[in-house]
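Please work from the sequences and hints to get the whole structure.
Letter by letter, the chains look like this.
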Amino acid sequence: MSKEELVIDTQNLQKKYVTDTVETTALAGVDLKIKRGEFVAIMGPSGCGKSTLLNILGMLDSPSSGSFLFLGQEVASMSERQRAKLRKHNLGFVFQSFNLIDELTVEENIALPLAYLGFSKSETEKRTLQAMERMGIAHRRNHFPQQLSGGQQQRAAIARAVVAEPALILADEPTGNLDSVHGREVMQLLSELNEAGTTVVMVTHSPTDAEYAHRVVNLFDGQIVTENLNIKRHAAELL
Amino acid sequence: MLQSYFKIAIRNLLRNKVYTAINITGLAIGVAACMLIFLYVKDELSYESNFSKADRIVRVAGNIVFDGHKDAFAVTAPPMLSAVREFANVAHATQLANTDKQTIWHKGQVFTEENLLFADSAFFSVFDYELLAGPPATALDAPRKIVLTEKLAQKYFGSVEAAMGQTLKLSRDSYVITGVYRDKGHSHIAASGLLSLATIEPNLPEGAQDQWFNLNRYTYALLTSNNQLAAFQDQLNVLAANKVNPWIKSNKINAVASFIAQPLKDIHFDTRFEHDLTPQGNISYVYIFGAVAVFLLLIASINYMNLATARSAKRAKEVGLRKVVGADRGQIICQFLGESVLLTFIAMMLALALVQIFIPSFNLLTDKQFSSDFFLNREFMAALLAIVLLIGVVAGSYPAFFLSSFKPADVLKSDKQPRSGSATMRKALVILQFSISLIMIIGTIVVFTQMRFLKNADLGFAKEQIMVVDIPVGDTTLINRLSVINQKLLQNPSISNVSNSYSIPGQPLSRALILAEQNGKMEEKTIDVMFVDYDFIPVMGIEMAAGRNYNRNMHTDLNGGVIINEAAARWLGWKDPIGKKVVLSTSALGDSQAKVLGVVKDFNVSSLHAEVQPVLLQLTPQSAGYLLARISPENQPATIQFVEEQWSQFDPKHPMEYFFMDEFFDRQYRAEEKMLTVFGYFSGLTILIACLGLFGLAAFTAEQRTKEIGIRKVLGSSTGSIVLLLSKDFALLVLVAVVLASPIAWYGMSHWLQDYAYRINLSWWIFALAALLALLIAMATVSFQALKAAMLDPVKAIRAQ
Ligand SMILES: Nc1ncnc2c1ncn2[C@@H]1O[C@H](COP(=O)(O)OP(=O)(O)O)[C@@H](O)[C@H]1O
Ligand SMILES: [Mg+2]
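Heads up: the sequence lines are chains P and E, in that order.
Quick note: the first sequence uses the UniProt record's numbering, first residue 1, plus one each step.
Quick note: the second sequence uses the UniProt record's numbering, first residue 1, plus one each step.
Everything labelled a hint here was simulated from the structure, so no lab data went into it.
The C-beta atom is built at its ideal place from N, Cα and C for all residues, glycine as well.
All clues given are correct.
A few chain P residues that don't get close to chain E, going by computed Cβ distances all over 12 Å:
1) K16
2) E74
3) L129
Using 16 Å as the maximum straight-line C-alpha spacing, the simulated EDC-like pairs for lysine to aspartate or glutamate come out as follows:
4) K17(E) x E103(P)
5) K16(P) x D221(P)
6) K407(E) x D61(P)
7) K314(E) x D102(P)
Below, the structure written as structure tokens:
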């Protein structure tokens with residue numbers, strides 16, 4: 001397997017949180033390689049470091065030590081500005097609590113990444129519409145987040161994550177706040193995106209959700225304990 | 001992108017109506033006050049700038065040193081004009097002279113004009129007023145010509161055209177109207193009309209063309225270019241050395257003269273010279289109000305910073321998300337700066353409206369004539385936009401840097417409450433706001449107390465109940481008959497005494513050269529002189545310290561006697577002044593010798609800014625300027641009416657003009673009093689804006705502690721103790737501000753008081769009063785919010801979180 005194919009390649013990634021009195025080790029040496037086009041699920045008990053890992057992979061946070069190559073580039077030593085640049089060109093995020101901006105409409109929220117990328121007005125409109133249609137929320141474009149159901153909000157959030165066509169989507173418990181029907185809808189959307197070529201890394205508690213992934217990484221106390229290939233999924237792909 | 005920022009900003013402003021209202025109101029008041037101050041300062045700083053050649057115009061002022069005592073004058077002698085005209089770098093030179101108040105008889109009515117000046121024919125070559133009619137070069141070239149301002153032409157003749165060629169009858173002469181010009185305003189030359197100087201030229205005494213001490217002309221020169229000032233000064237020095245001082249020596253006067261070239265634009269703030277045409281401005285007021293403007297904006301900006309950071313928790317998620325989707329920190333900073341600039345801009349629009357409303361009152365307060373369309377001025381607009389940008393950036397920068405520092409990983413966690421900015425920083429800023437407010441409150445109290453002290457101070461004479469009637473000048477027949485009206489007035493039991501004095505307190509005095517006995521020899525001295533009559537001392541209620549008053553029955557008193565004050569006796573080193581010899585060189589009989597008849601106790605001839613100076617009261621019953629009548633406090637209107645009736649029989653030609661001694665004397669503090677009022681209003685505004693901020697912060701604190709308050713109430717806390725709990729932190733901040741502000745205010749105000757020879761002490765109660773005031777106002781503001789929170793249903797309060 002050649003290096004260029006790796007979207008993510010970490011070695012001995014560590015993260016320590018130091019507060020006034022206590023030092024928490026959230027990540028205790030994580031080695032993780034993720035290839036382009038993969039769908040990886042990260043599982044583990046609460047507090048084991050899943051979100052921390054995802055935030056570091058998403059360059060929202062920096063590791064205390066270790067190496068993190070993103071598409072072959074070392075991220076650990078980058079400035080905030082450089083990371084912001086890398087982020088907006090390559091990454092899309094989906095959160096458990098949706099995290100839409102309350103003061104902006106659905107359409108405005110989805111268009112936001114394109115604005116930071118400096119797209120023209122017409123291009124922005126075109127792409128935003130495409131993303132909304134793909135997620136089935138075009139009819140809600142002028143609503144504010146609070147006026148939508150949880151499932152609709154999460155679809156809007158996914159639309160925002162994909163609108164700039166990122167190489168990698170990071171999702172932190174995307175179905176955590178949703179009922180099973182809406183949860184399944186969201187998983188299907190992520191799965192479709194993955195099939196269309198986007199790499200997906202998802203944190204989840206739900207074994208059902210994990211079944212959509214090619215590979216499941218089990219985290220415990222900040223370390224990877226097991227990695228399982230998803231036989232069903234691979235089998236499906238082979239067919 | 002900008003569109004999204006703009007939308008978010010507007011939606012945020014609308015969503016948080018209370019905070020928006022607080023911020024916009026505070027900023028609007030601050031900006032409005034600043035605009036007014038800007039107008040005032042700009043006006044003060046732009047004197048004379050309406051003359052296109054202002055940079056090239058200088059005035060000649062003079063210093064004369066008599067036996068170590070320096071006098072500085074804005075006036076020079078008539079020969080200065082021809083001397084200056086011969087200077088190499090002078091294009092034109094002109095002279096002005098003051099006139100007395102003029103009575104004008106016109107179409108059967110009587111008017112008075114106070115602001116007429118004499119000017120020579122070169123006047124319009126130096127000062128480029130626009131002539132609406134008449135030839136500038138010859139309009140003033142011969143006796144009895146007058147050039148009116150447009151305003152005066154309209155007042156008397158209805159129009160410029162109708163005025164031309166007409167005759168106007170003034171106190172002494174009739175003048176032909178040879179021109180009409182448009183006044184430019186904004187100049188120390190505030191004439192309403194110009195009389196030809198040639199009219200009074202023949203009145204000059206014999207040989208006046210070399211009389212260098214005849215100080216009654218204002219001399220101006222237009223230089224060939226604006227870099228000739230130093231060269232002009234050099235020539236003045238040569239003139240003093242080669243011509244004027246030799247002349248002084250040849251007249252055996254023990255004095256040295258020097259001349260100063262005073263750039264036209266400096267005149268307004270240059271307080272060095274006596275006898276100027278109009279009172280000077282005070283540059284300190286410009287500085288003080290400039291500082292006040294900055295303070296007001298600072299306080300309003302702090303409100304914005306504090307409320308923005310206090311509420312930052314609510315914006316944290318947005319910041320995190322923007323970063324997640326690709327914003328870098330710079331973009332976030334720009335967004336928040338943009339928001340504060342937008343808010344400031346809205347505040348500015350409101351401020352413009354406020355200024356429109358308050359401009360008339362501000363004009364009244366400051367004696368200025370600002371028009372309400374001032375903002376159409378391009379320069380002003382630019383300044384305003386610059387200020388908006390500046391405040392927007394200053395007020396927005398702290399919240400912007402603070403908010404943009406949020407890490408998305410931290411703020412997007414649903415289980416964590418994001419920070420609300422540093423509470424310490426907010427406290428420090430509130431202390432700063434209240435310190436500034438307190439300094440201004442203390443300042444206001446001190447100025448107010450000092451003003452009251454000045455008005456109630458014992459001046460050494462009884463300034464109340466003296467009615468002063470202006471005796472028209474130049475009418476000698478009237479002066480010779482004064483005893484007639486004096487007798488008539490004294491028949492009224494309400495009038496106890498009458499004097500016809502030339503000088504009165506509160507007026508500039510004359511300086512005279514005298515010879516005074518020093519160790520048996522006569523030495524030259526200069527001293528301030530008041531010209532009085534026999535009754536001046538008793539009418540004024542001035543007390544004798546030694547000797548006696550002038551007596552009508554002692555014929556030798558006239559020219560043979562003088563009265564001095566205690567300060568003069570001390571200054572001349574006379575232990576026993578009675579009988580000491582003095583020579584008055586101005587006495588009508590030549591250098592006759594006089595003896596000191598009496599010493600009066602010191603009284604304040606001029607404002608309490610200065611110590612009582614040595615004064616000589618010279619008996620000159622033949623030259624009366626005012627009729628002073630001491631009247632009883634009962635039924636004054638009847639007494640005044642009586643005096644008016646008597647006067648109209650005595651002098652039907654002139655309308656009677658009168659005033660009261662105390663008002664006249666207190667007019668010396670008018671400028672200070674006006675400034676006190678303006679300053680008082682601005683201090684009120686600073687505390688108002690500071691309290692607006694406090695109101696918002698208190699609301700925020702109460703909101704944050706809703707749950708705590710609920711629990712306390714469930715546990716049995718009373719409403720009172722909860723109000724106390726929420727208020728005491730703020731009270732502490734105000735108290736810290738008191739500690740910080742007091743020494744600064746003490747320092748500043750003792751400095752200000754230095755200007756007064758007679759002044760109040762900065763006693764502790766002034767500071768205590770200011771502290772109490774600030775505390776009361778702050779507590780009233782805070783307890784409203786505290787009370788609201790304390791009255792909340794505890795069950796609701798707990799559930800709210
Ligand atoms: N900002 C922080 N400061 C201190 N400790 C933190 C912080 N964020 C996470 N932790 C700690 O790091 C550990 C891992 O947290 P997290 O990655 O959120 O776990 P998970 O997402 O697996 O539930 C936990 O023990 C948590 O308490
Ligand atoms: Mg987590």
